[in-house]
Amino acid sequence: MSQPIPVTVLTGYLGAGKTTLLNRILTESHGKKYAVIINEFGEVGIDNDIVVGTDEEIFEMNNGCICCTVRGDLIRTIGGLMKRADALDGIIVETTGLADPAPVAQTFFTDDEVKAKTQLDAVVTVVDAKHFPLRLEDSREAEDQVAFADVVLLNKTDLVSPADLAAVERRIREINPYARIHRTQKSAIELDKILDKGAFDLQRILALDPHFLHDHGHHHDHDDGHDHDPATCDDPTHDHSHDHHHHHHHDAPNPKHADDVFSVAAVVDGPVDPEKFRVWISGILQSQGQNILRSKGVLAVEGAEQRFVFQAVHMIADSTWGQPWRAGEKRGSKLVFIGRKLDAEALKAGFEACKAA
Amino acid sequence: MSEAKLPARREFAFGAYVSGAAFTADGETAGFALGSGAIKLVTVADSSVREIAAHKGASLSFAAHPDGNSFLSGGDDGRLVRVARDGETSEVAKFQGKWLDVLATHKSGGFACAFGKEIRYWAPGATEPKTLGPHPSSVAALDFSPDGSRLAAAHYGGASIWQIRNPASAPRKLDWKGSHIVVRYAPNGKFLATTTQDNAIHVWRLANGQDMQMAGYRTKVKALAWTADARYLLSDAADCFVCWDFSGKGPEGQPPVEYGFGDGRAMTAAIAHPDSPFVCGGFENGALRLGDMDSKRDLELRPGADDRKPIRAMAWSPDGWRIAAGAEDGYATVFDLKAKS
Ligand SMILES: [Zn+2]
Ligand SMILES: [Zn+2]
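Chains E and C are the protein sequences, given in the same order.
Quick note: the first sequence, position 331, residue 331 per my numbering, numbers continuous.
Quick note: the second sequence, position 177, residue 177 per my numbering, numbers continuous.
The following block holds chain E by itself, in its conformation from the complex (with noise of 0.2 angstroms):
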């Protein structure tokens, strides 16, 4: 079985700098072959790698709802790449600037072909440090990417004063703790940051959250007294030297919305019994996948011996086995919801009663 090519989403709203990112890939001299699948032909320096120009197609599949599609496109134009003598070292797939990133992700979730061939390897999310909070009020777009991202890169950061970048990075982890954000200019940065890094590994990027178990998603609750300390903290997605997020919250403008984006997140402490699990996850997927934008999570199921890595994107889901357990490792389980109107209670609890007896 051959390994699956690693693929890497890039979404950000126009002007955000995607595009000067792409360049940057085309151009530098990585020693890869990447195939590129931009929504036109740009001017892009073409080296070594193959570009290929498809216009977004969003196909609904037909179960009747809205939030099940897929990119035809997509599914045609890596069908045809797998055809190919080369042996590609990824796929980045750029979508339009107001590109809802969810059929893109779910079309590495449910096409069969796709999903053989294939790993969705990242979402990566440029952002305009300047122009995001604007974007937030006249868009729904915007949100949604940032709340799709396993990499967010935090552009044009020399365009706004430290304070105003603080709240920009503020308001991107309110949507989306469990991003890692790179701050950049001119889309400068090292690619192995931004590619193959197995984001969506998910065991990898819980694992690497010390917050994930403090639950800090939204709700504003951040008077919690909830304790961090620069010094200890091992996060790399936290940059200690300047205004530390926990600390500032509601120090600038900020608008909230009965609609904003936010996380929850649901721990139980132990294996989950796998069947109790799959009935209630369905369910919460069918009745609200709709208003949950991405849900992910790595489990100890009751009787296996490697974890259970779980993700979905509005109501479809995919799921796969992970790293084993470590001998004498605590097996807990935990999924976060990245969405709108969630109750966040209800999934927790309901999450809770999936425990394992």
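Careful: at least some of the hints might be erroneous.
Said to hold, decoys possible - Below, a sample of chain E positions facing chain C; criterion: calculated Cβ distance under 10 angstroms:
| id | residue |
| --- | --- |
| 1 | 31 |
| 2 | 32 |
| 3 | 33 |
| 4 | 53 |
| 5 | 55 |
| 6 | 59 |
| 7 | 60 |
| 8 | 61 |
| 9 | 85 |
| 10 | 89 |
| 11 | 110 |
| 12 | 158 |
| 13 | 162 |
Unchecked claim - Calculated lysine-lysine pairs in the PhoX-like style (CA-CA distance at most 25 angstroms, straight line):
| id | chain 1 | residue 1 | chain 2 | residue 2 |
| --- | --- | --- | --- | --- |
| 14 | E | 33 | C | 177 |
| 15 | E | 117 | C | 309 |
| 16 | C | 177 | E | 115 |
| 17 | C | 309 | E | 33 |
It should be emphasised that the hints constitute simulated quantities derived from the structure, not laboratory data.
A virtual CB, placed ideally from N, CA and C, is assigned to each residue, including glycine.
Once you've looked at the hints, dock chain C with the ligands against the given chain E.
Relative to chain E, chain C with the ligands alone:
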């Protein structure tokens, strides 16, 4: 049946994904299109192989040319290339930046390719194509009607049928939700079958536009083949021959004929004999099986194995005596059903 009765075969290792297979009209030359952009021409009589470099990237679509002596290949370099059996190669057209992954030909001389939302159709003898479209979304597949008067295109939301002698007229629309990825006319011209992204087959009775849905597949159906008498519609995607019976009242409310259960692996390519009620399937573990629709018995032409790759391309020679097949890993074979090994 015993090993001794297996038809004679030639096997080749072409080293790249076999994306297409076809025969010349006399069945004496088999053409294989590869993901490397090469076309391999196999002379069946002596198994000699000639390699033609046709495309920079991959050959994405491949068919017998209506002239009977050559092949057409569409590539991801935007080139539509004619490759004659003697290796002579000429560029029919080039569409810069397009992937030519959809191609259809008709024995009367016409052929067509599609990229994006448009079709380019070459009338018999024409050097310049006519444009059909745009369609509401990308064209995923094309097929000529048996009499060559119409061209059906599969796309998101259904199929469109063009009267190709009158390209200015609006196409007939056959609507069904979902993304349609394969299209096949029944040999009697009475039915049009498509497959959809959501693991189903859709068939329209062309006389009155009535349609029917055939589901129950675990994966999407990527190959359809009608038997020559238009009685059975064979699909891939299952672990056996699944054949919908269109005789009498048709398949509605009836289970399909299923036989040839092998080793539980899915079929990935399917063809039907040009005259007689035989079918042939290629499987994801490289197995090849011949099926007899009369006796519902099957013959394993090639056993599957875990280290073998899916069969992706198959063709039956027009005289019905030879079968060509190719796999993802570059394996290719030509069976001669007359000669016994
Ligand atoms: Zn849905
Ligand atoms: Zn920290």
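Evaluation of the provided hints:
About 21 angstroms separates the beta-carbon of residue 31/E from the nearest beta-carbon of chain C, more than 10 angstroms, and the hint is not met. A least Cβ separation of about 18 angstroms between residue 32/E and chain C goes past the 10 angstroms threshold, and the interface hint is therefore violated. Because the beta carbon of residue 33/E sits about 12 angstroms from the nearest beta carbon in chain C, more than 10 angstroms, this interface hint is broken. Contact between residue 53/E and chain C, as hinted, is supported at the beta carbon level, the nearest pair being about 6 angstroms apart and thus within 10 angstroms.
Annotation: residue 55/E was flagged as interfacial toward chain C, and the flag holds, the nearest CB pair being 7 angstroms apart, inside 10 angstroms. For residue 59/E, the suggested interface contact is upheld, since its CB lies about 5 angstroms from the closest CB of chain C, less than 10 angstroms. This hint holds: residue 60/E has a C-beta 7 angstroms from the nearest C-beta of chain C, less than the 10 angstroms allowed. Of the supplied interface hints, the one on residue 61/E holds, with its beta-carbon coming within about 6 angstroms of a beta-carbon of chain C, less than 10 angstroms.
Because the closest C-beta pair between residue 85/E and chain C is about 4 angstroms apart, less than 10 angstroms, the hint holds. Restraint check, residue 89/E versus chain C: the minimum CB separation of about 17 angstroms is more than 10 angstroms; hint violated. With its C-beta approaching chain C no nearer than about 9 angstroms, residue 110/E sits inside the 10 angstroms limit, and its interface hint holds. At its closest, the beta carbon of residue 158/E sits 36 angstroms from a beta carbon of chain C; the interface hint therefore is violated under the 10 angstroms criterion.
Checking residue 162/E against chain C by beta carbon gives a least distance of about 45 angstroms; that is not within 10 angstroms, so the hint is violated. Between residue 33/E and residue 177/C, the direct Cα distance comes to roughly 37 angstroms. Violation of the 25 angstroms bound is thereby established for this hinted pair. Annotation: proposed proximity of residue 117/E to residue 309/C holds, straight-line Cα distance about 13 angstroms (limit 25 angstroms). Distance restraint check for residue 177/C and residue 115/E: the Cα-Cα separation of roughly 23 angstroms lies within the 25 angstroms cut-off, and the hinted pair is therefore satisfied.
Under the criterion of a C-alpha separation no larger than 25 angstroms, the hint pairing residue 309/C with residue 33/E is consistent with the structure, at around 24 angstroms.
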